[in-house]
Structures are given as C-alpha cells and as structure tokens.
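Can you build the whole structure from these sequences, using the hints too?
Line by line, the protein sequences are chains A and B.
Quick note: the first sequence, position 24, residue 136 per the numbering used here, numbers continuous.
Quick note: the second sequence, position 110, residue 111 per the numbering used here, numbers continuous.
Some clues are possibly wrong.
Derived pair list, reagent style SDA-like, types lysine to any residue, alpha-carbon separation capped at 25 Å [as the list claims (entries may be wrong)]:
#1 A:Lys208 - B:Lys15
#2 A:Lys208 - B:Ala25
#3 A:Lys208 - B:Leu116
#4 A:Lys167 - B:Pro62
#5 A:Lys180 - B:Gly4
#6 A:Lys167 - B:Met28
#7 A:Lys138 - B:Pro62
#8 B:Lys10 - A:Lys167
#9 A:Lys167 - A:Gly206
#10 A:Lys208 - B:Gly17
#11 A:Lys149 - B:Ile55
#12 A:Lys167 - A:Lys180
#13 A:Lys208 - B:Gln58
Pairwise CB distance ranges, derived in the manner of DEER restraints [said to hold, decoys possible]:
#14 B:Ser68 - A:Ile123: 40 to 50 Å
#15 B:Lys15 - A:Lys138: 34 to 44 Å
#16 A:Arg125 - B:Ser68: 24 to 34 Å
#17 B:Gln58 - A:Gly151: 26 to 36 Å
#18 A:Glu128 - B:Thr6: 35 to 45 Å
#19 A:Ser218 - B:Asp74: 33 to 43 Å
#20 B:Asn63 - A:Asn177: 33 to 43 Å
#21 A:Gln113 - B:Arg102: 41 to 51 Å
#22 B:Met20 - A:Gly127: 32 to 42 Å
#23 B:Lys15 - A:Glu128: 27 to 37 Å
#24 B:Ser68 - A:Ser218: 35 to 45 Å
#25 A:Ser175 - B:Leu114: 37 to 47 Å
No lab work stands behind these hints: they were computed from the structure.
Glycine residues also receive a C-beta, built at the ideal position from the N, C-alpha and C atoms.
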Amino acid sequence: QQPVQSPQAVILREGEDAVINCSSSKALYSVHWYRQKHGEAPVFLMILLKGGEQKGHEKISASFNEKKQQSSLYLTASQLSYSGTYFCGTVGQGGKLIFGQGTELSVKP
Amino acid sequence: NAGVTQTPKFQVLKTGQSMTLQCAQDMNHEYMSWYRQDPGMGLRLIHYSVGAGITDQGEVPNGYNVSRSTTEDFPLRLLSAAPSQTSVYFCASSRDRGLLRETQYFGPGTRLLVL
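Structure, rendered in structure tokens:
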C-alpha cells in the first residue's frame with residue numbers, strides 16, 4: 113500500500129522553507145527520500161531508520177516518528193536547485209520499497 | 002563503473018506485441034527492482050529480486066514477467082503489450098538485499114509507448 117504524501121504541490125520563493133510529509137498505514141522499518149528532476153531518474157536524498165539513525169544529504173533534514181508511521185522532510189532556505197518532485201518510500205515487513213505519489217516543489221527567484 | 006544501465010531509451014509498440022526491457026548493473030548489487038512511473042501515480046513497484054534466481058511481485062505485476070539468472074541483469078518482459086502499459090520504466094539496484102539501510106541507484110529510464 114502506497115504511503116500518502118502531503119502536500120501534492122508547493123511553490124516557494126528562494127530562501128523560504130518547506131515541509132513535506134509522508135504517512136503510512138503499516139509499521140515501517142525505514143523511510144527513504146528521493147528527488148527527481150524533470151526527465152531524469154530519481155536521486156537519493158536520505159534514509160531514516162528505526163531507532164533514529166539517518167543517512168544522507170548534509171543540507172536536508174528529516175524526521176521519522178516510528179509510532180505514528182510518519183516522516184517529514186524539511187527544506188530550509190530553499191534554493192532554485194531544490195525544485196523537483198520529492199518521493200518518500202517506505203520499507204515494511206515485506207522488505208519492498210514502496211513509493212508515495214510524490215510532491216512537486218517549485219522554487220521561484 | 003557504468004552504474005545501472007537500461008535499454009532501449011525509447012520504444013514504440015503496437016498492442017499485442019512483446020518485448021524485453023533490459024537492465025544491467027556493474028556494482029555487484031544483490032537487490033534489483035523495476036518501477037513504472039505515470040503522472041500523478043508516483044513510482045509503482047512491478048517486480049523485484051533479492052539475488053540471482055530469486056524474484057517476487059511488487060504492487061503492479063500483472064502483464065509483466067521477470068527473471069534473474071545473473072547478479073548483473075534483470076530484464077523485464079511484456080508478453081502482450083497493452084496501451085495501459087504506456088509509461089516510463091525505471092530499473093534500480095541496491096547493495097543490501099534487505100533494502101533497509103542502503104540507497105537505491107536508478108537507471109536513466111525507458112519510455113514506452115503502446116499504440
């Protein structure tokens with residue numbers, strides 16, 4: 113079952129902050145975040161694991177609430193290069209990585 | 002390393018035709034997977050493999066077959082193409098068969114149009 117992302121789309125000015133949320137109805141072992149530019153393949157941003165460990169991008173932060181099966185990606189002081197579609201992916205008991213429907217982020221000058 | 006490679010980049014098929022989308026990786030990764038991407042639907046898992054000889058179904062497996070005879074290759078077969086299979090297909094691989102702690106590396110994608 114796909115995780116649910118919100119919002120579906122967001123428009124920012126350079127320097128503004130944004131939060132993208134990801135929610136699952138199933139127990140999770142890890143949450144993955146990827147960014148995709150138009151016409152390109154998704155690129156890894158971050159992994160959040162049960163127990164609090166994180167791996168990933170230096171300039172992007174995220175949280176993982178294991179009890180609520182929710183994760184949030186925090187984009188601060190946004191830059192034009194942050195534009196793209198952000199996907200969260202969740203890994204549950206089956207060991208499969210299932211992605212949400214994506215959040216389209218546009219950063220304007 | 003070439004990473005994850007996919008061929009062809011673009012393909013047009015007629016309804017009922019069959020074809021194989023190729024995927025290869027040179028990183029000795031255990032885990033490989035196929036996703037399809039449609040507008041507003043995100044990336045949906047078709048099939049995946051945790052090692053040579055082992056495959057399993059994802060969210061949307063109907064109409065697709067896979068096999069994994071080597072660690073490097075993971076082809077996706079469409080037996081009888083339908084217009085509903087028009088999509089962008091991504092292959093991905095990961096070092097960890099458990100996928101919990103390791104990133105997935107995506108190929109450049111194959112754009113498929115079924116008429």
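Evaluation of the provided hints:
{"no.": "1", "hint": "A:Lys208 - B:Lys15", "result": "violated (32 Å)"}
{"no.": "2", "hint": "A:Lys208 - B:Ala25", "result": "holds (20 Å)"}
{"no.": "3", "hint": "A:Lys208 - B:Leu116", "result": "violated (31 Å)"}
{"no.": "4", "hint": "A:Lys167 - B:Pro62", "result": "violated (30 Å)"}
{"no.": "5", "hint": "A:Lys180 - B:Gly4", "result": "violated (36 Å)"}
{"no.": "6", "hint": "A:Lys167 - B:Met28", "result": "holds (20 Å)"}
{"no.": "7", "hint": "A:Lys138 - B:Pro62", "result": "holds (21 Å)"}
{"no.": "8", "hint": "B:Lys10 - A:Lys167", "result": "violated (31 Å)"}
{"no.": "9", "hint": "A:Lys167 - A:Gly206", "result": "holds (22 Å)"}
{"no.": "10", "hint": "A:Lys208 - B:Gly17", "result": "violated (30 Å)"}
{"no.": "11", "hint": "A:Lys149 - B:Ile55", "result": "violated (32 Å)"}
{"no.": "12", "hint": "A:Lys167 - A:Lys180", "result": "holds (21 Å)"}
{"no.": "13", "hint": "A:Lys208 - B:Gln58", "result": "holds (10 Å)"}
{"no.": "14", "hint": "B:Ser68 - A:Ile123: 40 to 50 Å", "result": "holds (44 Å)"}
{"no.": "15", "hint": "B:Lys15 - A:Lys138: 34 to 44 Å", "result": "holds (40 Å)"}
{"no.": "16", "hint": "A:Arg125 - B:Ser68: 24 to 34 Å", "result": "violated (50 Å)"}
{"no.": "17", "hint": "B:Gln58 - A:Gly151: 26 to 36 Å", "result": "holds (29 Å)"}
{"no.": "18", "hint": "A:Glu128 - B:Thr6: 35 to 45 Å", "result": "holds (38 Å)"}
{"no.": "19", "hint": "A:Ser218 - B:Asp74: 33 to 43 Å", "result": "holds (38 Å)"}
{"no.": "20", "hint": "B:Asn63 - A:Asn177: 33 to 43 Å", "result": "holds (34 Å)"}
{"no.": "21", "hint": "A:Gln113 - B:Arg102: 41 to 51 Å", "result": "violated (22 Å)"}
{"no.": "22", "hint": "B:Met20 - A:Gly127: 32 to 42 Å", "result": "violated (47 Å)"}
{"no.": "23", "hint": "B:Lys15 - A:Glu128: 27 to 37 Å", "result": "violated (48 Å)"}
{"no.": "24", "hint": "B:Ser68 - A:Ser218: 35 to 45 Å", "result": "holds (41 Å)"}
{"no.": "25", "hint": "A:Ser175 - B:Leu114: 37 to 47 Å", "result": "holds (40 Å)"}
In the structure shown, a violation is registered for the earlier hints numbered 1, 3, 4, 5, 8, 10, 11, 16, 21, 22 and 23, in ascending order.
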